[in-house]
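> What follows is the residue order along each chain.
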Amino acid sequence: MSANGRYGLDLDASDSEDDDVMRLPGETISKTSPRPRSSSSDASDTTSNEPMPMRVSAEVAFLGEVDGAPSVHRSARKTPSKPALGHALANDLFDVGRFGLGDFFPTRDSRSPRHESGAAGVGPGADALAAAAALRRELAASTNTAQRRVDRKRRVPPASTAFAIAQSVLRDLEQKKPLQFREIKRDPTRVTDAHSMFGSSFRASWGPNGQLVHPGRLCASTVASVGGFQACANAQTQKGSPHAPHAKVTTERFAPGVGGGCVAARVAALEVALQVTVAYASGRDAMDSGDALDRSDTLDSGDPDSDAPNGWCSATFGKRLRASCSRVDLPGVCDAYLNSVENVALVSNKTPSSDLKLEVSAWDLVKTLWGDAPGAAPVASAADRHRRRASVSEWLRKQTASRGDAVSGVTSPKLLVPEKTATGALVSATRLACSNGDPRLATLIAQSARGGALPELAGAQLKIWRDSVVEKYVPSETTLLFEVIAGEVAPFRSDLPVKDWRTNFGLHLWYGTSPSTTVGKVMDGYLRSVETESATYPSGTALRVSQIQAHLRFISNAPATVRTDDR
Amino acid sequence: MTVVHTSSNTHNDYPSLLSTHRPIHVQHTPNKWTDPFPSQSSAPGSLDVDEKTSRLKDVCFNLLALAQVSSDELRDEARSDTMLRQMFHPLTYVADDLTNVALAWHLFNTLVAVGAVPETQSTSRLHDELTVNFATQLDSFTGVNSVPEWQVFVLMHLSDGPRRADATRRVLHKRCADWANDDGKKNFMTEKAGVPKPWLDAAELRWRRNCAD
Chain A
1 MSANGRYGLD LDASDSEDDD VMRLPGETIS KTSPRPRSSS SDASDTTSNE PMPMRVSAEV
61 AFLGEVDGAP SVHRSARKTP SKPALGHALA NDLFDVGRFG LGDFFPTRDS RSPRHESGAA
121 GVGPGADALA AAAALRRELA ASTNTAQRRV DRKRRVPPAS TAFAIAQSVL RDLEQKKPLQ
181 FREIKRDPTR VTDAHSMFGS SFRASWGPNG QLVHPGRLCA STVASVGGFQ ACANAQTQKG
241 SPHAPHAKVT TERFAPGVGG GCVAARVAAL EVALQVTVAY ASGRDAMDSG DALDRSDTLD
301 SGDPDSDAPN GWCSATFGKR LRASCSRVDL PGVCDAYLNS VENVALVSNK TPSSDLKLEV
361 SAWDLVKTLW GDAPGAAPVA SAADRHRRRA SVSEWLRKQT ASRGDAVSGV TSPKLLVPEK
421 TATGALVSAT RLACSNGDPR LATLIAQSAR GGALPELAGA QLKIWRDSVV EKYVPSETTL
481 LFEVIAGEVA PFRSDLPVKD WRTNFGLHLW YGTSPSTTVG KVMDGYLRSV ETESATYPSG
541 TALRVSQIQA HLRFISNAPA TVRTDDR
Chain B
1001 MTVVHTSSNT HNDYPSLLST HRPIHVQHTP NKWTDPFPSQ SSAPGSLDVD EKTSRLKDVC
1061 FNLLALAQVS SDELRDEARS DTMLRQMFHP LTYVADDLTN VALAWHLFNT LVAVGAVPET
1121 QSTSRLHDEL TVNFATQLDS FTGVNSVPEW QVFVLMHLSD GPRRADATRR VLHKRCADWA
1181 NDDGKKNFMT EKAGVPKPWL DAAELRWRRN CAD
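As they're listed, the protein sequences go chains A and B.
When you line the first sequence up against the working numbering, it's residues 1 to 567, in that order.
When you line the second sequence up against the working numbering, it's residues 1001 to 1213, in that order.
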């Protein structure tokens, strides 16, 4: 008897009816007539629930009484879920078990007692065979072939079949129908992992120091409790476990990308940040107080109420750090950042000079915009606004002056005058005008960007020139200078050394608006000009050739310091 | 007028840059229109990619704009969130290195400290994002340049407590080989960065146990 017979599983995928028929001596009818097959691969014996004719029950009772003891049915069918009674009865006739060899087949004795229910009747064997054949023909006639094909498709998956075979071979010889597949118990604390579908064959994880580790099914705690990977592998091998881990753990180094910049620059800036870092004490109070750094507060005190406003337990999450700096202390902090940039520029060339210069500009501007001196005017007051504007103007002059003469590329001293004026270098422009023999122009330059009636007067002078034939006799540099002083800064002036938004914004700030105009209003006007494409877009992602040349000179001559001698 | 595009890895090769620059149309006639947006390379934020004027601006221009915005407007998270994210984008101060968030992190920290940027949920999210990105940037330094103590210092600035603990402990475990035998780094992490000592002990214990295997 095969395992598939016991478990009600149809392993035969062929459609041949004859292949499924067990040839029995003396059975001739079954070779030509269709044999009732299992309508389902389910292990439940549905036929036993049907009303059985009395005659057949009598024959069964007769067969069960042959050896004088209640015997059981042995099904010779291929799909025993629907018993072919004819086969069963015929097989019983030739069953060696009923001649005293039943002990060699323990499964017969373990059959359900319901098969022995008909043991009370007695009848001749010939009649039983005839009745079984008649019943078989009747069942075959009533069975729909199409339905059988549909049912045949509803077979148990091969994996389950293989499991049944393996289980029968190992320890389940006495298992009854229906087959109950063993439920795989899983650790509820484990999350379903797609990689675990392959069991120990593959399971990757990140190990310390960025190593990709493949430890099989073992976790670090298991290995540690056993005594190491090798000891665990030996133990598993001795037990004959098919999941014996590899003796050697495979590791792969993971490179988390490239870049990061210069490590010296990063550390130098972080050291400055460390100087102003405190532990987050209690929300706004700590933020407003700007108290000195309390290092003892950063330790893990374990006080659950002394941490962040949400009541985070410091023992669990650690103390949050934050920067603490007042506006009075801000200039010192910004100077520390500037010094760090300067030091990095001296010792390392990994950081692009353009980035260093931009960083210098940013910290200088932060100091200008938010830094306060002791006793300064209150924030947002009129005096504060004017002071900020003056500071921003000073910052812009630094930015334009740091690019220096390399920006313009002009060699003529006369042409340098309007360009110096446009970049805010009024002192140099005045000096150049004097040296060119034009003191009257020098006086105008000295009065420019100071408000008053000079812009209107310069504009009126330009109008006179343009409306007459005199214009062609006026030097172009003089006309250009008057245009700058008159505030004709928009649309974009290609004849001026306007190489980036700083110079262009400086033109708007110095000559396009009055000295009392706040920086905010100047910015609004500048952004409107940008929208109408009459001003340079404040993009910082590209540098021009002249700026690169200036940066080269700037870094090589005076690293990380802004030249202010051009004023 | 010519324009070149520079990148962080080619800054030492200026002659080649100068020879490969791309000329643009410029009219030298006074009072004539010229292209205020010269063509640049196809880096994010450049004209070739984003022709709108809303593209990223220079970090200094952003600082100027931030100084003009009132604190009430900054507290309006719906309006300030996008603006702040654009202001502290890496491409506002570097050409093409999206991973370089160092300056943005330092600037944001400082501006929050002086009250220029209010502490709201939106700004806290942005701060945490910058913090994690900066720690990731520091994580790229390996070998002798490894700075796990500074990684931990940066991560301890996270405002979200559970994430702060998780990220910090993760770095401690990952970089344990770089600090386990260095008392100076351990003292820095406990005394300066405020890392709870049990975190260090747990990471070191696990590391030494694995090393023993």
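Honestly, I wouldn't trust all of these hints.
In silico DSBU-like links for lysine-lysine, alpha-carbon gap of 30 Å or less [what the hints assert, rightly or not]: (1) LYS1192(B) x LYS367(A); (2) LYS1186(B) x LYS1197(B); (3) LYS472(A) x LYS367(A); (4) LYS1186(B) x LYS350(A); (5) LYS350(A) x LYS1192(B); (6) LYS414(A) x LYS472(A); (7) LYS350(A) x LYS367(A).
Treat the hints as calculated values from the structure; they're not laboratory data.
Since the model is a prediction, treat every value here as computed from it, not as a measurement.
> Broken hints, numbered, in rising order?
3
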